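K.L.:
Residue numbers (my numbering), protein chains in the order written: chain C, 41 to 380; chain G, 1176 to 1362; chain U, 3 to 565.
Possibly wrong hints are sitting among the right ones.
Dumping the calculated BS3-like pairs for lysine-lysine here, alpha-carbon to alpha-carbon at most 30 Å [said to hold, decoys possible]:
| # | chain 1 | residue 1 | chain 2 | residue 2 |
| --- | --- | --- | --- | --- |
| 1 | C | LYS103 | U | LYS367 |
| 2 | C | LYS373 | U | LYS267 |
| 3 | U | LYS11 | U | LYS158 |
| 4 | U | LYS510 | U | LYS482 |
| 5 | C | LYS103 | C | LYS49 |
| 6 | G | LYS1256 | G | LYS1348 |
| 7 | U | LYS404 | U | LYS451 |
| 8 | G | LYS1256 | U | LYS408 |
| 9 | C | LYS49 | U | LYS11 |
| 10 | U | LYS441 | G | LYS1211 |
| 11 | G | LYS1256 | U | LYS441 |
| 12 | G | LYS1348 | U | LYS404 |
| 13 | U | LYS408 | U | LYS267 |
| 14 | G | LYS1348 | U | LYS386 |
| 15 | U | LYS386 | U | LYS11 |
| 16 | U | LYS192 | U | LYS267 |
| 17 | U | LYS441 | G | LYS1266 |
| 18 | G | LYS1348 | U | LYS367 |
| 19 | G | LYS1230 | G | LYS1211 |
| 20 | U | LYS386 | C | LYS373 |
| 21 | G | LYS1256 | G | LYS1346 |
| 22 | U | LYS475 | G | LYS1230 |
| 23 | U | LYS11 | C | LYS373 |
| 24 | U | LYS441 | U | LYS11 |
| 25 | G | LYS1266 | U | LYS408 |
| 26 | U | LYS192 | U | LYS22 |
| 27 | U | LYS192 | U | LYS161 |
| 28 | G | LYS1346 | C | LYS49 |
| 29 | U | LYS441 | G | LYS1346 |
| 30 | G | LYS1256 | U | LYS404 |
| 31 | G | LYS1278 | U | LYS408 |
| 32 | U | LYS267 | U | LYS158 |
| 33 | G | LYS1278 | U | LYS451 |
| 34 | U | LYS404 | G | LYS1230 |
| 35 | C | LYS49 | U | LYS22 |
| 36 | G | LYS1278 | U | LYS404 |
| 37 | U | LYS386 | G | LYS1346 |
| 38 | U | LYS441 | C | LYS49 |
By construction, these hints were calculated from the structure, which means they are not laboratory data.
Note that the structure is a prediction, hence the values are computed from the model and not measured.
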Amino acid sequence: MNNSPYFLKPASVQSVMLRVLVALLPGIAAYVWFFGAAILVQIVLASVTALAAEAVMLRLRDKPVMLFLSDGSALVTAWLIALTFPSIAPWWLTVLGTLLAIVVAKHLYGGLGQNPFNPAMVAFALMIVAYPLLMSQWPKVDATDFAGQWEAIFGSRQILDAMTMATPLDALRTVLRDPEQRAMIGGILGSKATFGNVGGRGWEWIATGYFLGGLYLLQQRIITWHMPTAFLATLFVVSGAFALYEPDRFAGPGFQLFTGGAMLAAFFIVTDPVSGATTPRGKLIFAAGVALLTWIIRTFGAYPDGIAFAVLLMNIATPLIDMYTQPPVFGHKDKRGDSP
Amino acid sequence: MLEAILVMAFGALVLGAALGYAAVRFRVEGDPLVEKIDAILPQTQCGQCGFPGCKPYAQAIAKGEAEINQCPPGGEEGIHKLADLLGREFKSLSAEHGIEKPKSVAVIDEQVCIGCTLCIQACPVDAIVGAAKQMHTVVAPLCTGCELCLPPCPVDCISMQSTGESVENWKWKYPVVKINPAQREST
Amino acid sequence: MSALQRLFKFHGGVKPAYNKEASTGLPIAVAPTPTLLVIPLHQSIGGMPRPLVKAGERVLKGQRIGGADGNASSAVHASTSGAVVAVEMRLMPHTSGLSALCVVIEPDGRDEWIARQPFDFRKASPTQTRDYLRDAGVVGLGGAVFPTHLKLNPGKHGKLDTLVLNGAECEPFITCDDVLMRERAETILKGAIIMREMLSARQVLIGIEDNKPEAIAAMEIAAQAANQAAGDLAMQVVSVPTRYPAGGAKQLIRVLTGIEVPHGKRSTDYGVQCFNVGTAYAVYEAIALGQPLISRIVTVAGNVGQARNYEALFGTPMRDLVALCDPLPDSDRVIMGGPMMGLLMPGDEVPVVKATNCVLVGSRKLFPPPPPEMPCIRCGECAKACPADLQPFEMYWFSRAKIFGKAQEYKLFDCIECGCCAYVCPSHIPLVDYYRFAKSEIWAREVDKEAADIARERYEFRLLREEREKQEKAAKLAAKTAAGREKAAAAIAEAAKPAATPEDDTKKALIAAALERAKAQKEQVHPGNVSNLTPEQEAEVTAIEARRAEIREMAKPHLRQDD
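In isolation and in its complexed conformation, chain C is listed as follows:
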């Protein structure tokens, strides 16, 4: 018979993970609205792969398969992978990325709760290094022809050009690379066709969806305010400062916050408790670090979006951050020493 406490709060890892999935729904809805149902195909692909890989790995590691499979953690990883990969990426790219995330980044490190790196970000980083071209073929906004997208995912990729388009971040990068166009960055960013109102047509609405989901997670007390606030504030301040200093060279904070994976990262990726910092101050430092690195990579790096690399770099620093930000314990808060 167990020892006290005999009362337990009705909470479970499963319910936490399920609510995270629910919180992703508004963003996914916006995704489907602007870029077609391909993303749903990717989500199914990633989910099935993740669950299968998880089941095999649990069996190999001699863990109770059903118990751990139903915790939902593999699904969260799978959905994040699907949402960060291009929605018209070939099926094997998603499958391979998911396998890497579950088998290598999660189970080889000891499974749920033991992985030092965010599995979804490991998948993204490895895939963008291995297949840079495929990982940057994003669907055209408003091109929601499902048959074509299906063909792109499972069939030949002949018709691709017609349906792909540079993401706002790619477009920005191209402009930044070309000295002649650079001076016109303000004007280009103003073009609504690509860049929408703030962060790219379509993308800004997906980001809004993620933001709403994030508010739900905050309301449910699954995440604390520290990480999203620190992430968004840092990105805002840094990009804002540089945009003020040289608006022709640097995109403004509105664009930075509402494009790419910024919102997804703020509420769903940096907030991963396993691989991130856990103390209140540590969370602030961790998320701010991710935001700063993201901005640096976006602005000066070789890859269009830097969130994956930023998260992985900060994951490395997590133990150190936690160690140096331990909150004072009851009765030990007085800096002058414990004696009165």
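Use these hints to put chains G and U onto chain C, whose structure you have.
P.N.:
Chains G and U in isolation, oriented as in the chain C frame:
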């Protein structure tokens, strides 16, 4: 050429002086390794390791003259600690030196004791009190359970009694993780 | 009054279902005297009291049967008059299921008190009063059973700012303090007045969780009366927000005064001391009525038809109390204390002791076994709930891996084992079990280390002494030899062997004689266990005898050498 030699010589002098200073300034009294090993050993002073006490055994380990698995009272845990400290491979307890037993203390059967003082002389920690022709008794809290008093007793009146578990020294057990894959799959 | 009081907050805490109404419906009842009282001698923190009675003796109600072992201990008394049946090992109300020394009393039904005399603490010195309370067996009745006399010391400043009376009672199901305050508020405050005087405290704050309006009302009336009588406003009843564990002494002190008393520090050094309301009641009974602590209010609740509070004699089997409350048929366990911190009892025959604030009857339905333990996902819920501002998941990590040093670095010993972390854990990890395990391992290691240090010291001292003796012997021998040489100059023939040999012989003869005697004695002492043996056993005995002889042979050189 000469210049190079001079520079090197000067460098050697400076470094040598620094090292010499450090050797004096940060001098470590005694052999810290022996102290550390001795701190891990249980101080039973039983001699089962083949050395006359824990300290000599510690010295022998430090010199590399003894294996780390010769201390039965320290048990597997002690060997693990020694292996960690010395960066050596763990070895299970060597059988020729004895087996790990639960902690016990010597008890003198006072009915039988003849007061010969032989056990008093054998006790490495002076935990037996008594005098010639007076009955002897073991001061239980001081007894290390080394069993060295058993062989000299001419009347075999000393026995080892396990200290056992009491409400005072009872320990909470390591929580049992109830995830048994085989069982769970079948349910 | 309470509106004036500024309240502070403690971090974390949880709000479990309180389940308190069931046992507050009926007034306190006196539990009947059982047919046999089993009174454990060790009922408080500190040294184990020495038994003062023997089997066959008659004892009176309130007679001391266990004397305090040193000052950090507390006496134990007979709960009623009767005959001591035995002083023996009996099952303790302790999760371990181990036994300890108990005095078993068969009540004679006369309930005859010892001569009771009030103790005039105003005339006595503080030390005398503390000794009196120690011998009256007064200990903290909140559940921690820390000897009260040790806490009734104003400390280095000689006076205190605040005396806190703890009536918060935050554990679910438990209502013994609640009903005590409702029914005996005046007596509690009389005890508080004694404590206040002993501690020279400026004010008395009585903290009660706001889910006990009746208790608050009763205590407020009593406090007003006490203040009027004293002509000051020293007594204040403060309603504190209901949040577990607001009744933790440190948490309540924090809520009422804002002071955080660190682990291992005396709260008096911070100008504050905290007692349970039941303790104040016991202090009054001991000092004003001369009655030692022999009973307490016990809540019987949980899986029972009619939960209620009983005034039970120490030594009453828990089973008897449970039987008074119509336990439901599916009851499968008895817990001492509440569901958050209570201890699982090894059986329902264990006695009520000073720490028994509640006898909680459990069942699989009421307290279902926890879902399977999942890995920690570092979600930080536990850290959010921890009232000691700890990082429970880090402590868990290191406790599980048995890296105890690291667990201590994360301040494992500041953990009060309140169970909030395990309560909120979405992975259903029995976190508190890991902390209990780590704490008891660390304690055991500390004890072992201390023993090893003593052994080392004694061994080294022995070596030193042997060395010294050798030198002294050598010096003596040298002196003797020198003397011998001088003699040798006179008479050359006899020099080498002085009177040692004959002395040696007599000694040996003495030992041999004693040996013979012992052998004879031994044969007389142990004849029982060598009769009726099977041939195998006989063979074994012979083998053992042979081995013994061998050992004796081996021991002989010792004999000679040491002579």
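K.L.:
For each hint, tell me whether it holds in the structure or not.
P.N.:
These are the hints, each one checked on the structure:
| no. | hint | result |
| --- | --- | --- |
| 1 | C:LYS103 x U:LYS367 | holds (28 Å) |
| 2 | C:LYS373 x U:LYS267 | holds (14 Å) |
| 3 | U:LYS11 x U:LYS158 | holds (28 Å) |
| 4 | U:LYS510 x U:LYS482 | holds (24 Å) |
| 5 | C:LYS103 x C:LYS49 | holds (25 Å) |
| 6 | G:LYS1256 x G:LYS1348 | holds (21 Å) |
| 7 | U:LYS404 x U:LYS451 | holds (17 Å) |
| 8 | G:LYS1256 x U:LYS408 | holds (16 Å) |
| 9 | C:LYS49 x U:LYS11 | holds (22 Å) |
| 10 | U:LYS441 x G:LYS1211 | holds (24 Å) |
| 11 | G:LYS1256 x U:LYS441 | holds (19 Å) |
| 12 | G:LYS1348 x U:LYS404 | holds (12 Å) |
| 13 | U:LYS408 x U:LYS267 | holds (22 Å) |
| 14 | G:LYS1348 x U:LYS386 | holds (27 Å) |
| 15 | U:LYS386 x U:LYS11 | holds (14 Å) |
| 16 | U:LYS192 x U:LYS267 | holds (28 Å) |
| 17 | U:LYS441 x G:LYS1266 | holds (28 Å) |
| 18 | G:LYS1348 x U:LYS367 | holds (26 Å) |
| 19 | G:LYS1230 x G:LYS1211 | holds (10 Å) |
| 20 | U:LYS386 x C:LYS373 | holds (17 Å) |
| 21 | G:LYS1256 x G:LYS1346 | holds (21 Å) |
| 22 | U:LYS475 x G:LYS1230 | holds (26 Å) |
| 23 | U:LYS11 x C:LYS373 | holds (14 Å) |
| 24 | U:LYS441 x U:LYS11 | holds (28 Å) |
| 25 | G:LYS1266 x U:LYS408 | holds (26 Å) |
| 26 | U:LYS192 x U:LYS22 | holds (27 Å) |
| 27 | U:LYS192 x U:LYS161 | holds (19 Å) |
| 28 | G:LYS1346 x C:LYS49 | holds (28 Å) |
| 29 | U:LYS441 x G:LYS1346 | holds (9 Å) |
| 30 | G:LYS1256 x U:LYS404 | holds (13 Å) |
| 31 | G:LYS1278 x U:LYS408 | holds (27 Å) |
| 32 | U:LYS267 x U:LYS158 | holds (13 Å) |
| 33 | G:LYS1278 x U:LYS451 | holds (14 Å) |
| 34 | U:LYS404 x G:LYS1230 | holds (27 Å) |
| 35 | C:LYS49 x U:LYS22 | holds (18 Å) |
| 36 | G:LYS1278 x U:LYS404 | holds (22 Å) |
| 37 | U:LYS386 x G:LYS1346 | holds (29 Å) |
| 38 | U:LYS441 x C:LYS49 | holds (25 Å) |
Hint check: no violations occur; every hint is consistent with the structure.
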